[in-house]
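Engineer: Now for the letters of each chain:
Number of protein chains: 2
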Amino acid sequence: MATKAAKQEKKKRRDQPPPALRELLRIPGDGPVDLSSYDTRAIPSGPEDKAAGLAATARLAERLAGLQDRLYAASTAGGTRRLLLVLQGMDTSGKGGTVKHVIGHFNPAGCRVRAFKTPTAEERSHPFLWRVRRALPEPGEIGIFDRSHYEDVLITRVRELVPRRDLGRRYGQINLFEQSLADTGTTVVKVFLHIGYEEQRARLLARLDNPDKHWKFSPADIADRALWPAYREAYELALERCSTDAAPWYVVPADRKWYRNWVISTLLLEHLEALDPAYPKAGFDVEGARDKLLRMP
Amino acid sequence: MATKAAKQEKKKRRDQPPPALRELLRIPGDGPVDLSSYDTRAIPSGPEDKAAGLAATARLAERLAGLQDRLYAASTAGGTRRLLLVLQGMDTSGKGGTVKHVIGHFNPAGCRVRAFKTPTAEERSHPFLWRVRRALPEPGEIGIFDRSHYEDVLITRVRELVPRRDLGRRYGQINLFEQSLADTGTTVVKVFLHIGYEEQRARLLARLDNPDKHWKFSPADIADRALWPAYREAYELALERCSTDAAPWYVVPADRKWYRNWVISTLLLEHLEALDPAYPKAGFDVEGARDKLLRMP
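For the protein sequence lines, the chains are E and B, in the order given. Reading the first sequence from the start, the letters are residues 3 to 299 in my numbering. Reading the second sequence from the start, the letters are residues 3 to 299 in my numbering.
Hints were generated in silico from the structure; no laboratory data involved. Nothing here was measured: the structure is a model prediction, and the numbers come from that model. Treat each hint with caution, since some may be false.
All copies of an identical chain are treated as equivalent in the list; a pair is satisfied when it fits inside any one copy or across any two copies.
Mimicking DMTMM-like on lysine to aspartate or glutamate, the simulated pairs with C-alpha atoms at most 25 Å apart in a straight line are [said to hold, decoys possible]: (1) 102 <-> 71; (2) 259 <-> 214; (3) 215 <-> 278; (4) 215 <-> 140; (5) 119 <-> 140; (6) 102 <-> 51; (7) 102 <-> 140; (8) 102 <-> 201; (9) 6 <-> 214; (10) 52 <-> 64; (11) 283 <-> 93; (12) 259 <-> 36; (13) 218 <-> 293.
With these hints in hand, go ahead and build the complete structure from the sequences.
Structural biologist: This is the structure in structure tokens:
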């Protein structure tokens with residue numbers, strides 16, 4: 003009988019959906035964050051090897067594209083909902099790779115990708131959120147930020163580019179900004195791509211070894227790498243202070259590219275499924291339109 | 003001996019590359035255009051059935067992505083070249099399908115897609131090229147216009163939305179504008195998706211038959227369809243007056259979706275290959291950077 007009970011228990015566990023990734027990976031936002039306690043090679047849920055991961059991600063792609071189509075369709079009938087994916091992480095952590103391999107599965111007509119580089123003179127002449135506001139997704143769209151307003155509390159902090167007092171205010175400004183996005187229909191998904199120090203070394207070396215990738219490398223990458231502990235601290239602070247109910251942070255183990263792609267696809271799926279977008283009903287007489295079409299010469 | 007000569011001739015023909023699509027499909031721009039002389043189901047070159055067409059398009063996708071990567075990389079070293087694909091055609095002609103199925107093969111990070119709808123109040127308060135200038139691709143990017151400034155000599159002409167005299171000036175203004183794009187590094191590829199009157203009826207009916215597609219239908223589509231001859235005339239005039247060396251028009255037979263996708267992929271390939279973008283050489287000491295990386299703790 004014990005065996006039967008154990009079998010039933012096992013079956014029950016198997017039939018239960020795994021805990022949502024958004025719960026597993028979310029930064030609670032209720033206390034200090036210690037990134038060293040997050041394993042960059044962890045596989046907390048989902049496929050456990052590369053082949054299974056690639057297959058699972060490919061299966062997700064179709065569902066994601068279907069949800070995107072519904073989200074976009076809903077906006078043509080006045081729906082205001084949209085999604086903003088914010089990608090942050092150290093150099094080589096896979097921000098560009100995520101855009102290529104995950105966002106590449108969506109219909110480009112509904113995507114608005116923006117990479118934030120060193121601010122231009124014009125951008126510097128405005129408050130730090132100015133350039134970000136100009137790149138937000140419209141209703142029905144999926145916006146993707148490769149780097150974001152978080153650079154304004156990361157590199158600016160590490161390299162002391164703004165007075166510490168101004169910096170201190172920015173976390174609150176960011177939270178208010180993101181709350182306003184949520185209030186006006188934007189689902190904000192913030193992803194920290196967490197890679198290890200040795201994995202970064204390997205990826206930078208790989209870029210140096212391939213002349214076709216030299217353009218992706220800059221000597222500044224080495225200078226930034228030398229500041230790794232300061233960056234980690236700046237990230238920990240940003241994750242702690244800006245993981246809110248309106249816009250939580252997710253820490254994604256990013257040493258394995260296939261796993262990173264599966265995780266972000268799944269996070270997007272969970273958020274889009276929660277939105278449950280629906281095709282709008284026809285606002286016209288369908289039968290009448292069909293008759294007219296058939297009767298036209 | 004005649005047989006041998008014939009065989010050699012046949013081999014020679016087979017080994018010769020087919021005439022470039024850009025030559026085959028280009029509107030010469032040296033006289034009136036009669037769209038009824040262009041078959042919307044024609045297969046002037048390339049794969050002759052759907053299976054072969056899908057396979058050929060998939061093979062092109064990888065080459066296109068590689069060229070896009072080089073184009074983008076070149077821009078990071080000061081390259082100014084970029085490409086703008088302009089898609090025009092009657093309702094259901096496949097503008098959206100082209101974005102999804104052809105542009106979907108590119109890296110979304112380097113694509114800037116813009117669909118032009120009925121002008122907003124702000125857009126109407128500016129000259130007609132204003133909203134177009136704001137959506138142009140940056141260096142290294144591929145821009146895609148789903149409809150464009152050509153609406154300002156198409157629907158505006160058919161529905162008499164602007165005085166005829168203003169309209170007459172616009173062709174020249176467009177040519178000057180496109181010349182300036184070419185002069186500053188933009189390869190302009192203008193595609194007219196040519197579908198037949200009966201094919202449009204079938205596609206509109208298919209939208210009505212599928213509730214998930216009702217959002218793509220508007221009663222205005224029937225009103226526009228009733229003006230088919232006027233639209234054809236307006237298109238003929240735009241193709242005639244605005245097919246220039248700087249920015250030629252291509253007429254793409256669009257009744258078969260798989261063929262349309264192959265043609266546009268091939269047109270993009272021919273233009274990108276002509277640009278021959280190259281990865282920039284490293285502007286830093288590669289060996290020195292490798293040493294530093296290896297010597298870091």
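Engineer: Against each hint, give a clear statement of whether it holds in the structure.
Structural biologist: Do the hints match the structure? See the list:
no.: 1; hint: 102 <-> 71; in the structure: both (19 Å within a copy, 11 Å between copies)
no.: 2; hint: 259 <-> 214; in the structure: within (20 Å within a copy, 35 Å between copies)
no.: 3; hint: 215 <-> 278; in the structure: between (40 Å within a copy, 17 Å between copies)
no.: 4; hint: 215 <-> 140; in the structure: between (33 Å within a copy, 21 Å between copies)
no.: 5; hint: 119 <-> 140; in the structure: both (22 Å within a copy, 14 Å between copies)
no.: 6; hint: 102 <-> 51; in the structure: within (21 Å within a copy, 31 Å between copies)
no.: 7; hint: 102 <-> 140; in the structure: both (21 Å within a copy, 18 Å between copies)
no.: 8; hint: 102 <-> 201; in the structure: within (20 Å within a copy, 35 Å between copies)
no.: 9; hint: 6 <-> 214; in the structure: neither (60 Å within a copy, 46 Å between copies)
no.: 10; hint: 52 <-> 64; in the structure: both (19 Å within a copy, 22 Å between copies)
no.: 11; hint: 283 <-> 93; in the structure: between (46 Å within a copy, 20 Å between copies)
no.: 12; hint: 259 <-> 36; in the structure: within (23 Å within a copy, 53 Å between copies)
no.: 13; hint: 218 <-> 293; in the structure: between (58 Å within a copy, 18 Å between copies)
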